[in-house]
Amino acid sequence: MDILELTNVEKRFGERTVLKDLTLRVPEGAIYGFIGENGAGKTTTMKMILGLLAADGGEIRVCGEKVSYGQTRTNRFVGYLPDVPEFYGYLTPTEYLLLCGGLAGVSASASKSRAAELLSLVGLSESASRRIGGFSRGMKQRLGIAQALIHRPKLLICDEPTSALDPAGRKDIIDILRAIRSETTVLFSTHILPDIERVCDQVGLLHGGKLALSGRLEEIRALHAKSGFVVEFTEEGEASAFLAVSKNGERDAATRLIYPTGTQADMLSAMSLLGQMQLCPLKIEQREPSLESLFMEAAAE
Amino acid sequence: MKQLLLLLQKELTELLRTKKALVLVIVFAIFGIMNPALAKLTPWMLSLMGSTLSEQGITIGAISVNALTAWTQYYKNLLMEYIVILAVFSGIFAQEYQRGTLINLLTKGVSREKVAISKLLAVLLCGSVCYWLTFSVTLAYSAYFWENALPAGIWLGAISAYMLGVWLLTLELAFASAFSSGMAALLGTGGVFVVCYALSMLPALTRFLPPRLSEGLSLLTGTLASGDFLPALFLSLALSLVQGALCLAGIRRKQL
Chain A
9 MDILELTNVE KRFGERTVLK DLTLRVPEGA IYGFIGENGA GKTTTMKMIL
59 GLLAADGGEI RVCGEKVSYG QTRTNRFVGY LPDVPEFYGY LTPTEYLLLC
109 GGLAGVSASA SKSRAAELLS LVGLSESASR RIGGFSRGMK QRLGIAQALI
159 HRPKLLICDE PTSALDPAGR KDIIDILRAI RSETTVLFST HILPDIERVC
209 DQVGLLHGGK LALSGRLEEI RALHAKSGFV VEFTEEGEAS AFLAVSKNGE
259 RDAATRLIYP TGTQADMLSA MSLLGQMQLC PLKIEQREPS LESLFMEAAA
309 E
Chain B
992 MKQLLLLLQK ELTELLRTKK ALVLVIVFAI FGIMNPALAK LTPWMLSLMG
1042 STLSEQGITI GAISVNALTA WTQYYKNLLM EYIVILAVFS GIFAQEYQRG
1092 TLINLLTKGV SREKVAISKL LAVLLCGSVC YWLTFSVTLA YSAYFWENAL
1142 PAGIWLGAIS AYMLGVWLLT LELAFASAFS SGMAALLGTG GVFVVCYALS
1192 MLPALTRFLP PRLSEGLSLL TGTLASGDFL PALFLSLALS LVQGALCLAG
1242 IRRKQL
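The listed protein sequences correspond, in order, to chains A and B. Be aware that the first sequence starts at 9, since it is given in the working numbering, and climbs by one per residue. Be aware that the second sequence starts at 992, since it is given in the working numbering, and climbs by one per residue.
Among the hints, erroneous ones may be present.
Claimed, not checked - Label-pair ranges, simulated between beta-carbon atoms:
1. A:P202 / B:M1174: 29 to 37 Å
2. B:A1078 / A:G78: 25 to 33 Å
3. A:G78 / B:G1181: 49 to 57 Å
4. B:L1116 / A:R145: 18 to 26 Å
5. B:L1116 / A:R84: 28 to 36 Å
Stated by the list, open to error - Here are the computed lysine-lysine pairs in the DSSO-like style, where the Cα-Cα straight-line distance is at most 27 Å:
6. B:K1245 / A:K148
7. A:K28 / A:K218
8. A:K120 / A:K148
9. A:K74 / B:K1245
10. A:K162 / B:K993
11. B:K1010 / A:K148
12. A:K28 / B:K1245
No lab work stands behind these hints: they were computed from the structure. Heads up, the beta-carbon is just placed ideally off N, CA and C, and yes, glycines get one too.
Could you put together the complete structure from these sequences and hints?
Now the structure itself:
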């Protein structure tokens, strides 16, 4: 079942068309990476799913129910983490989570135990009674996830949760997303591709107002897979010597050789040749398209 | 209802923890003390300066000070008090709009109207506490210093002045929910007040417009009768309700 369905969604700001004919499906249980350059319309799309912005055309459904602008009932299924979550600095995390829980219709006792559980999940238990005013960016981002999950939503929408964080902070967030996947479907926008590769199983690339590429990550990879293999040496002389005796090789860089048409059998024979020549390469690997090159390609089309 | 109570609790916590409530209570208590104190101290201060003044050829006769002097001061300070409280609450919507703090709450399924109502209630509650604090302090000191502490018309005057505050605060919140800047809310409120003030110069309109409500002193001196206040009192009440509704409409239309 699809938790989130966007069908032919359009959005204009004045003369500027941000989204035209955007169709997107997020199946239950997925961690969906929603990718696009700055200004592609990722945040706009998310705000429309939350009913914070009105769509100019098309239809959005969450758990089968239609989203309407303003106060939408579908928000009871959704948890939202804004790109820069802002809180009331005079409250403590526990007080804030109890406020959010109460507003979302969770009973006071359930909110209390859920708040404690979430604060420990996001690693803020020790700061539970400190005021939020003194929190760092990373701590606020983690509290942002906790507030989004307080009512056990079926769909968690995260708007660039890792973009403003240092590598350690990014890893924390990715780990949290991984930990919650068993109970929540995640839609996660970003322009940091390594984060997508670490955690997402489905991706969609938003470009020119529509999805330029979408599907399961490995399927996309397989579809765009390139053949051949690469051998890299530490010294230029070694590369030249190997290039001279091997077939169908091209020089890619001083110490790097590419065999664009090489099959697996070719790769095996290259490895035995390396053994015979007593050459130890830095690495020998099958060519795999990087996510980056896939998206550059899709965006260029 | 539960959501509204939670939001109201959040607003009141904000007032307490950001010390706004404390500052307002202190300032308004001082206003209250100043009214009778200044009246009481005036003869003493003048007598201190008496010798200097008489050297310059100014002689001061007997100055009689009574509760009316304190109430004169009370009505003189009224607008200053309202400016203070309007300034404190001008950013109550703007800071949420600018920082995006409402997004988390609204995506939990809270209606925007409830957010606006909680702010209206919190501001009116705080404004009421401040206003009646100043009034009761002035009243208590006047009763202590002078026996004629309760001149006729004092209650209608006080309620009129209070209604002026309600009108000003709801007017400010109507602007505040529609704009993303606290300064805009303050300027809008000031602008409307100035227009009303200018219009109230026209004798035909004086009795109806809110600025009349600040003239409670005339009730005490007997220059005006209660009938001169009632039209403005009821019109201000009606306007306050309309402004409350506008405040709800403002947040509904706001693009967050």
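Here is how each hint holds up against the structure:
no.: 1; hint: A:P202 / B:M1174: 29 to 37 Å; result: violated (44 Å)
no.: 2; hint: B:A1078 / A:G78: 25 to 33 Å; result: holds (32 Å)
no.: 3; hint: A:G78 / B:G1181: 49 to 57 Å; result: violated (32 Å)
no.: 4; hint: B:L1116 / A:R145: 18 to 26 Å; result: violated (35 Å)
no.: 5; hint: B:L1116 / A:R84: 28 to 36 Å; result: holds (30 Å)
no.: 6; hint: B:K1245 / A:K148; result: holds (25 Å)
no.: 7; hint: A:K28 / A:K218; result: holds (6 Å)
no.: 8; hint: A:K120 / A:K148; result: holds (19 Å)
no.: 9; hint: A:K74 / B:K1245; result: holds (22 Å)
no.: 10; hint: A:K162 / B:K993; result: holds (24 Å)
no.: 11; hint: B:K1010 / A:K148; result: holds (23 Å)
no.: 12; hint: A:K28 / B:K1245; result: holds (24 Å)
Hints 1, 3 and 4 from the list above are not met by this structure, while the remaining hints are.
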